[in-house]
Amino acid sequence: MNLRNQWYAFSTLVIKEYNRIVRIWIQTIVPPAITMTLYFIIFGSLIGRRIGEMDGYDYMQFIAPGLIMLSVITNSYGNVVSSFFGAKFGRHIEEMLVSPMPNYLILLGHVAGGVIRGLFVGAIVTVVALFFTRLHVQHPLIVLSTVILTAIVFALGGFINAVFAKKFDDISIVPTFVLTPLTYLGGVFYSISLLPEFWQAVSRANPILYMVNAFRYGVLGTSDIPIGTAYAIIFVAIGLLYTFSLYLLNKGIGIRE
Amino acid sequence: MKALELKNLSKTYPNGVQALTGIDLSVEEGDFFALLGPNGAGKSTTIGIVTSLVTKTGGTATIFGHDIDRDFSAAKACIGLVPQELNLNQFEKVESIVATQGGYYGLPRGLALERAEKYLRELQLWDRRHDIARSLSGGMKRRLMIARALVHEPRLLILDEPTAGVDIEIRRSMWAFLRKVNAAGVTIILTTHYLEEAENLCRNVAIIDQGRIIENDRMSRVLRKLQMETFVLTLEHELDAAPRLDDYDTRLVDPLTLEADVHSGRDINELFRALSAAGIRVVAMRNKANRLEELFMRLVEQKKDGRAA
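As they're listed, the protein sequences go chains A and B. Counting with my numbering, you get residues 1 to 257 for the letters of the first sequence. Counting with my numbering, you get residues 1001 to 1309 for the letters of the second sequence.
Worth double-checking, as some hints may not be accurate.
Subject to a maximum C-alpha distance of 25 Å in a straight line, what follows is the list of computed PhoX-like cross-link-like pairs (lysine-lysine) [claimed, not checked]:
id, chain 1, residue 1, chain 2, residue 2
1, A, 251, A, 166
2, B, 1141, B, 1118
3, B, 1007, A, 251
4, B, 1141, A, 88
5, B, 1093, A, 88
Between beta-carbon pairs, the in silico distance windows are [unchecked claim]:
id, chain 1, residue 1, chain 2, residue 2, range
6, B, 1117, A, 46, 53 to 59 Å
7, B, 1024, A, 170, 38 to 44 Å
8, B, 1024, A, 164, 50 to 56 Å
9, A, 31, B, 1040, 33 to 39 Å
10, A, 164, B, 1057, 40 to 46 Å
11, A, 170, B, 1301, 16 to 22 Å
12, B, 1134, A, 227, 45 to 51 Å
Since the hints were made in silico from the structure, they are not lab data. Please read these numbers as outputs of a predicted model, since none were measured by experiment. Note that beta-carbon positions come from the ideal geometry of N, C-alpha and C, so glycine has one too.
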């Protein structure tokens, strides 16, 4: 397959993923928009008024970047894990496996689908946030790069989950027991400076903290952690997860007999 | 040129089941080839290895000279697969399924849509192009999988039980279509449980049993190996008992139906002469069992007996 044919194969897979997101919009787009609206109403508007300021910003402004990132993380992960596992379960993954499309394109096509949904939902949550607060983006490039790179990290994570999943229960275990706790404890709702020293140190072991804070820095100009460290962690995570995902595909683990 | 060449191909599953025990098989370009065998014989494993859905544990497989390990992209580009089990995205539209498969083979979108229209029209599915796969009947889904397998115009089309669960009318129309595809130069490998289908369509046949090829020859030569055929004769007048004929065993099924065993080497005309001499007139005749089916069962039984001995 020459490069041009590879491009056609890749774009076909991306279009298919995009069409899937749009086709089942009631499952992919609407729920996060409703959930985030409730977060803004309850935590931002009702409870937030009593909390006052956080790191010099009113509470609604402080949590808005975290909630946008939370939706990007869960949706980029959720899109790939459900799409790839669904293809495995329905066996139409064989359409790709019998074709001459290289494994890395199968991986990149699904990751692109995850990033598209992450950005799509992130944009909708941003619009919802603007109904409740004002956001003046301080560093647009940091905002854009962190949101895309984070979506890539979690799309890759969703892919690995889907490869190992054998039943539908398996695709909800990681989001429920790992992803959600790490995200909630990753500085979405609070600054870690509020925590005692020990718990600050524990929080710093959570990679999601770095992603949320890098994004928050891009929007508000404030962060609990150095931005350079955040980028380093994101790039290392992408490198490791991509290498492992490709290894699984090349070995046929979970997808070939 | 050989469309497919398997050398010492073996597969042992992680649970220890040896599905293939080093099979050798070759299929010439342009052939219409039948791969037959009972359930669990290794047919689908062989096809799975050739199409890279199953990883082999030993041996080599080449498609039009392309090794599936070293030159997998070129090898895969030559193959179109119609799998045994339905593997369609049930919620995707018919046209999209076919065009998307074309895209995976590197076709630009416009050409993939053009080819999708061509094959959906040929397989009488064009009117259903905007429907989702789930809404199609079983026969339509089978035809959709054939259209999907042809969209990149492969040189080798592999059909793993393509007419399973399809009514006879649609089956025959699929046969006509496959003959046309083969006449256009596409090599076809077919596995089927309908042995009549293999006998009707295929020029060469391999029979696989317990992971080994037990017969591989021209269909006509394989059929010649039949030792005996049983014919069912419909009589003009009722009989009370089966007639005693030299060289032929006969049984009366009902007063108007007679079964006669004809051993290989015997002339069927002699049977009719003997019946006429006995004053019996035959108005119709058919094979009791499909000839290939009879041979197939005998070969499988012989191998089992051989192993038991």
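Consistency of the hints with the structure:
A threshold of 25 Å between alpha carbons decides the hint, and for residue 251/A with residue 166/A the separation of about 17 Å falls inside it, so the pair holds. Using a Cα cut-off of 25 Å, the hinted pair residue 1141/B and residue 1118/B holds, with the two alpha carbons roughly 17 Å apart. Restraint check: the Cα-Cα separation between residue 1007/B and residue 251/A comes to about 22 Å, which is no more than 25 Å; the hinted pair holds. Only pairs whose Cα atoms come within 25 Å are accepted, and residue 1141/B paired with residue 88/A is accepted, the gap being roughly 19 Å.
Simply put, residue 1093/B and residue 88/A have alpha-carbon atoms about 19 Å apart, close enough for the 25 Å limit, and the pair holds. For the pair residue 1117/B and residue 46/A, the beta carbons lie near 57 Å from each other, so the given range of 53 to 59 Å is met. The given range of 38 to 44 Å is respected by residue 1024/B and residue 170/A, whose C-beta atoms sit roughly 41 Å from each other. About 37 Å separates the C-beta atoms of residue 1024/B and residue 164/A, a value inconsistent with the hinted range of 50 to 56 Å.
At roughly 45 Å, the beta-carbon separation of residue 31/A and residue 1040/B lies outside the given 33 to 39 Å, and the hint is violated. In this structure the supplied range 40 to 46 Å is violated for residue 164/A paired with residue 1057/B, their Cβ-Cβ distance being about 23 Å. Separated by about 44 Å at the C-beta atoms, residue 170/A and residue 1301/B break the suggested range of 16 to 22 Å. For the hinted restraint 45 to 51 Å between residue 1134/B and residue 227/A, the CB-CB distance of approximately 49 Å keeps it satisfied.
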